[in-house]
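Student: These are the residues of each chain, in order.
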Amino acid sequence: MKHAGMLFLTGFVALSASWAGFILVPQLQIGRASLGMVTGGSDLYPQPRPGLAAQGAQVYRANGCYHCHSRQVRQEGAAMDVILASAGTNQAQVLSAFKLLDLSLADNPLVGLPRDLLVDVDKSRADFAQKTLEDAGAKAMIRIRATGSDIKRGWGQRGSVARDYLQDQPILLGWQRLGPDLANIGVRQPDPVWHLKHLYAPDKVVERSSMPPYRFLFEKRKIRQTPSPDALVLEGDLAPEPGFEIVPTGEAKALVAYLLSLKTDVPLFEAPFSAPAPAAVPVASATNATPVP
Amino acid sequence: MSPSLQSAPSAPESAADLPATGIDRSCRWPLLGLYPGAAFWLALSAVVYLVASMSFHAPALFADYAWLSYGRMAPVANHLLLYGFCIPAGWAAALWILARLGRTPLAQPALVILGAKAWNLGILVGTIGLLAGDASGFEHFEFPLYAGWLLLLASVLVGVSGLNTIRCRAVPELHPAQWFAGLSLLWFPWIYATAMGLLQLWPVRGMAQGAVHGWALAQLQVVLLALFGIAVGFYFFPVLKQKALPSRHLALFALITLILCGPWTGVPLQAPVPAWMTAISRVMSVCLLMPMLAVLLNLRSLCPVGSAPGMEPSRCLRFGIRAWVLWTVLVVVLNSTALWKTAALTLVQPALFQWLVQGFGTMVLLGAIYLILPRIAGASLPFPALARIHFWLASIGLVLVVVPLLVGGFQQGTRLADARIPFVDVAAGTLMPIRVASMGQLLLILGHLLLPVNVLVLVLRLVRAQIRQVIDEPGGVPAASEGPA
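So the protein lines, in turn, are chains A and B. Last residue of the first sequence: number 310 in my numbering, and the count goes up by one each step with no gaps. Last residue of the second sequence: number 481 in my numbering, and the count goes up by one each step with no gaps.
Hints in this document: simulated from the structure, not taken from any laboratory.
Below, computed lysine-lysine pairings styled on DSS-like, alpha-carbon distance capped at 27 angstroms:
1. K337/B to K280/A
2. K270/A to K239/A
3. K169/A to K140/A
4. K214/A to K239/A
5. K237/A to K214/A
6. K148/A to K116/A
7. K169/A to K337/B
8. K140/A to K337/B
Extracted from the complex, chain A is given alone in its bound form:
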């Protein structure tokens, strides 16, 4: 490459290629995505965050919470369970379907419904089992569970997908897990008082917590005629001297509203899961679980 013109042309081509590939195409693919339907429902997802939570997102951003917390649940795969919801009228036929499916018949399988018939099978087996049972007049459902250590930790019921972030600006994915993942903290910890106290003194709320306290999001002030209803209830060495109270600032309240709004608890087409339908659910309401056709 002897000439400057050639050099800059090469640079330009390389830059444009990656620009087109990683900026333009994703913009067409994701940026234009419309809100999706929640599987098995009619709600659009995701909904914009309500005003206070939207302000809270900016508090989260301003204080760099994303330098310690990720907001993306990882999913390794999916497992399927087959649940027998009801045996229908022709029990003999259902029992022969069991044989066909190679299911052991140690106890009477048709009592205590609904119950798990198959656990952790792949899709083709689950589909086959469901079809065979339904042909026999029984009612069977497939439950989809996301798998992976994040899910096991209770950080979410499914992995995060691009659609989850459609309403976010900035997306605040995070690149570190010095603290737990917060994609679902609103489901896991729905109590605003817990959050306020945790922000004020994490180690008093979570044993051995190494999260830094955010006392600057709170105000210590003299109690006027009546104590503020927002004031934190603090004991021991945390409590302010008599006559004073610790009150969350507007920022703290907004931040907590944001944390409570962090929920990716709905199944989507690209991220399916079934709400847990444990064996204890009475037959009548077993249809709450989303059957996957």
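Given chain A's structure and the hints, the job is docking chain B onto it.
Tutor: Chain B only, in chain A's frame:
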């Protein structure tokens, strides 16, 4: 003022060395506009890293001060390192290389001086913005818009001067170092404008932001730093060894593979983006082997050794290139195995960042500074011993920072993957590596504080000489008679 170093390691390409002093002098004030700021920000970033890590020694220490909290200190430190030091120091080296190899004085030096002022103002304003809570929320692109405009303006000013220097070159054929240096000037305005525009000004929706961010990250860290580093390597290794660069073809291969593959490597593999993006990112990361091997083959026979005066800074260059090789190997291993799953979202990420930006970028550019400063000043460094100490403190400190983070990160990842280990235990396990890294950070601070000493004393001496000259010969043009014979 002693003209000592001027003659020491002469460049083969300036064998007809007549214009070199004039060229160096044309670079003097523009580069001395960039270097003191860079040196200061580098030292400050080292201090801020330590302050940030205090949150892991004593979590409640800064509980009452928003601006000192971890979430604000960490980005400040990263930005001072990357934007405060690496980029202006890289530009300074690039400009000087363009002028030297083109055998032409730096074109429009005033633009660079102005650009340096705008840049340093941008860094200052941006840092205050981060401290005040105006971060954009995208790691390593967190400066607020109002600082971004200044940075963009500065990069255009510097770029114009650089491109004009290429245009005015007296040697028609471009040397490989000029390819890399020239493109490095072009790169930043484009990536920063894209990041500013599509992440902050007219933000794209949802995860499309993640795509833009990943692209910009790779451009900034993987491509831009490599452009700087390879330009410096391709220029100084031959100069110090007094041999020509073995192969232009290999150099061309390195350039093309770097700028074709590098930009695609920034999407984190676990990110919730369409699967094709992470797949491409993964493949392209493995492809980074190509530019690395091409550069390595080219420089293999040129490794400058020896401790003759003037050769000292080559230690930094060698360390830097080796760090880059090691970084590439790590990235390739992570991307070609399942190890990335363990490394994602752990301390491995800051470890890789530190190793690339400090081990490769900063080290190579420090070597360049210590080699270029005496040349543009026409005088040896005020304290050459401090430059040597700087290298040792910085390299040992860096290893002490990166190794614990790397080991701790893999441990953290392994524990995170085991859901039976409660999260507080996982978090507790990250404290020790971070605390050990703080020890290394102390050494880095001591080291990086030495650079401003050399730079400032040098500038003071030059200014004093200039003033004396004006007084001695009133009405005379000061620069005309000064400088080494």
